[in-house]
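> Chains as they are written, first to last, in the numbering used here: chain A, 5 to 153; chain B, 5 to 153; chain C, 5 to 153; chain D, 5 to 153.
Watch out, some of these pointers could steer you wrong.
Unchecked claim - Under the rule of at most 20 Å between Cα atoms (straight-line distance), these lysine to any residue pairs were calculated in the SDA-like manner:
1. B/Lys114 - C/Asp125
2. A/Lys114 - D/Arg109
3. D/Lys114 - A/Gly127
4. B/Lys114 - C/Pro136
Think of the hints as simulated: they come from the structure by calculation, not from any bench.
On a predicted model such as this, the values are computed, not experimentally measured, just so you know.
Protein chains: 4
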Amino acid sequence: MVAFEPSDPGFADRIRKSYARQQIMAFIGAELVELRPGYCEIHLPYRPELSQQDGFFHAGIISTIADSAGGYASYTLMAADTRVLTVEYKMNLLAPARGERLIARGQVIKNGRTLVIAKADVGAIQDGEETPCATLLGTLISLADNTKR
Amino acid sequence: MVAFEPSDPGFADRIRKSYARQQIMAFIGAELVELRPGYCEIHLPYRPELSQQDGFFHAGIISTIADSAGGYASYTLMAADTRVLTVEYKMNLLAPARGERLIARGQVIKNGRTLVIAKADVGAIQDGEETPCATLLGTLISLADNTKR
Amino acid sequence: MVAFEPSDPGFADRIRKSYARQQIMAFIGAELVELRPGYCEIHLPYRPELSQQDGFFHAGIISTIADSAGGYASYTLMAADTRVLTVEYKMNLLAPARGERLIARGQVIKNGRTLVIAKADVGAIQDGEETPCATLLGTLISLADNTKR
Amino acid sequence: MVAFEPSDPGFADRIRKSYARQQIMAFIGAELVELRPGYCEIHLPYRPELSQQDGFFHAGIISTIADSAGGYASYTLMAADTRVLTVEYKMNLLAPARGERLIARGQVIKNGRTLVIAKADVGAIQDGEETPCATLLGTLISLADNTKR
Numbered sequence: 005m006v007a008f009e010p011s012d013p014g015f016a017d018r019i020r021k022s023y024a025r026q027q028i029m030a031f032i033g034a035e036l037v038e039l040r041p042g043y044c045e046i047h048l049p050y051r052p053e054l055s056q057q058d059g060f061f062h063a064g065i066i067s068t069i070a071d072s073a074g075g076y077a078s079y080t081l082m083a084a085d086t087r088v089l090t091v092e093y094k095m096n097l098l099a100p101a102r103g104e105r106l107i108a109r110g111q112v113i114k115n116g117r118t119l120v121i122a123k124a125d126v127g128a129i130q131d132g133e134e135t136p137c138a139t140l141l142g143t144l145i146s147l148a149d150n151t152k153r
Numbered sequence: 005m006v007a008f009e010p011s012d013p014g015f016a017d018r019i020r021k022s023y024a025r026q027q028i029m030a031f032i033g034a035e036l037v038e039l040r041p042g043y044c045e046i047h048l049p050y051r052p053e054l055s056q057q058d059g060f061f062h063a064g065i066i067s068t069i070a071d072s073a074g075g076y077a078s079y080t081l082m083a084a085d086t087r088v089l090t091v092e093y094k095m096n097l098l099a100p101a102r103g104e105r106l107i108a109r110g111q112v113i114k115n116g117r118t119l120v121i122a123k124a125d126v127g128a129i130q131d132g133e134e135t136p137c138a139t140l141l142g143t144l145i146s147l148a149d150n151t152k153r
Numbered sequence: 005m006v007a008f009e010p011s012d013p014g015f016a017d018r019i020r021k022s023y024a025r026q027q028i029m030a031f032i033g034a035e036l037v038e039l040r041p042g043y044c045e046i047h048l049p050y051r052p053e054l055s056q057q058d059g060f061f062h063a064g065i066i067s068t069i070a071d072s073a074g075g076y077a078s079y080t081l082m083a084a085d086t087r088v089l090t091v092e093y094k095m096n097l098l099a100p101a102r103g104e105r106l107i108a109r110g111q112v113i114k115n116g117r118t119l120v121i122a123k124a125d126v127g128a129i130q131d132g133e134e135t136p137c138a139t140l141l142g143t144l145i146s147l148a149d150n151t152k153r
Numbered sequence: 005m006v007a008f009e010p011s012d013p014g015f016a017d018r019i020r021k022s023y024a025r026q027q028i029m030a031f032i033g034a035e036l037v038e039l040r041p042g043y044c045e046i047h048l049p050y051r052p053e054l055s056q057q058d059g060f061f062h063a064g065i066i067s068t069i070a071d072s073a074g075g076y077a078s079y080t081l082m083a084a085d086t087r088v089l090t091v092e093y094k095m096n097l098l099a100p101a102r103g104e105r106l107i108a109r110g111q112v113i114k115n116g117r118t119l120v121i122a123k124a125d126v127g128a129i130q131d132g133e134e135t136p137c138a139t140l141l142g143t144l145i146s147l148a149d150n151t152k153r
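Next up, chain A with everything else stripped away, as it sits in the complex:
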């Protein structure tokens, strides 16, 4: 994997502020655990409120943390005066997402001028053992941050 050079040395601080504004993350109990250039990791402990009809994590909740992990992985490489939006993503479910915790690892695949392509792999931890449960492939766009004007 290529090493990425962030254009904004203060990327981690910028992202933690953005993450804190994503109220959905606190609502479901997701934690931003790691940030590196081109990489972001988010953890989500199990709660029955997050489940689908069989008691496993709902696919939409898996994609909620996977999308944010891929999005913030991308945002680590964007300029300080930008914001990031998801254009689209595709997610394959690999196994039932059962266990006490999900881990979503977002990773930039291609850092383009306007668009960034990122993936996110999600694993489910059950009795301390991790099973891959989903993989996401998506496109993010960098926009001028009008909210600062």
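Given the coordinates of chain A, assemble chains B, C and D onto it according to the supplied hints.
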């Protein structure tokens, strides 16, 4: 659009029971509003807890109701002794999901023996006017319902 | 479906020139049949050289005309001094693509400033009857046409 | 990456026969270069007939070899009396596919009972140097081989 013939005349009751077990739906406040053969509509009123960093509905939450709308649209056509799982989906975001309510309309495109292809269109209602904000295209699988054994 | 207003009244001529440069289209025998604002239709007669292992049209060939139909549907709405590139697409196969002809109908879903979201539905004509065989959902980007500088 | 155990020791021979029936491969000049359990590599030398409007490989042609690479990677793990069909795939284009040769590397991500999830990474070789140009994520299905009845 082709009219679909459900194999299980009791599909609506079966789906309402499954929906009630999806605890995530009550947790975020989503309502199952309409069920017809090959069709399912889910509404979601706005709450700040569902927002991303700009205050709009988070993409993952949009996909949560879109995936369930597409999944239950598919499940209307499946046999009584089956359960439905999402194989994968792809979602494009068309506009910021801002407003007081989201509406996800799931619709079966192809009803295969094992796999069902469905789409879901999501609109955001602001000041009574609806704007398309996302479209999802996904694959569902019908499995024997082992939970009844 | 919304009616689209093209910014370049000469879009049809511009697209026919671009299409003529897509050598793959002549190579496989695809024909550009219709162009309207936000819409493009491409036909492809069957030839054994285009088949997969069962003698049907290969998925990659289906996507070749579907991608071009979606791309040129998008390009009808772009400015005269731009070029169009595919960012990504997702395609679901609905039925074996058997028959004497494929028809790909590209349609713009959302015409954004930089990005355009388009779909393409592909039908297979067998004995004069059309069966839906694939549906594509994709993202296109409009770039400044440097080749004119 | 997990090591996969093929259920059919004669998988390579079975796949080479299937590949030979995919007439599109000979038509565009693609070569099946490597087969291992869960892996398949296909090469495609450049020809102007395969190009889009800027002279690069057309996205549909990239997906033609990527889809076959992912499909045959999946088929290495399927039983002897089955056939493989593509359910769907999603492809992101990472860079213009320019150069003298494309290499598509298909790899199984999840080998399920009925469905297989596979990816394919495509690189373009220009002046001996490889640049990633596309990545595909798809779903394949294993079907009973009725053609043998």
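> Indicate, hint by hint, whether the structure satisfies it.
Checked hints:
At most 20 Å may separate the alpha-carbon atoms for a hinted pair to count; B/Lys114 and C/Asp125 meet this at roughly 13 Å. As the CA atoms of A/Lys114 and D/Arg109 are separated by approximately 18 Å, the hinted pair is consistent with the 20 Å bound. For the suggested pair D/Lys114 and A/Gly127, the alpha carbons sit about 13 Å apart, so the restraint of at most 20 Å is met. A hinted pair counts as satisfied when its Cα atoms are at most 20 Å apart, and B/Lys114 with C/Pro136 qualifies at roughly 9 Å.
In summary, the structure agrees with every hint in the numbered list given earlier.
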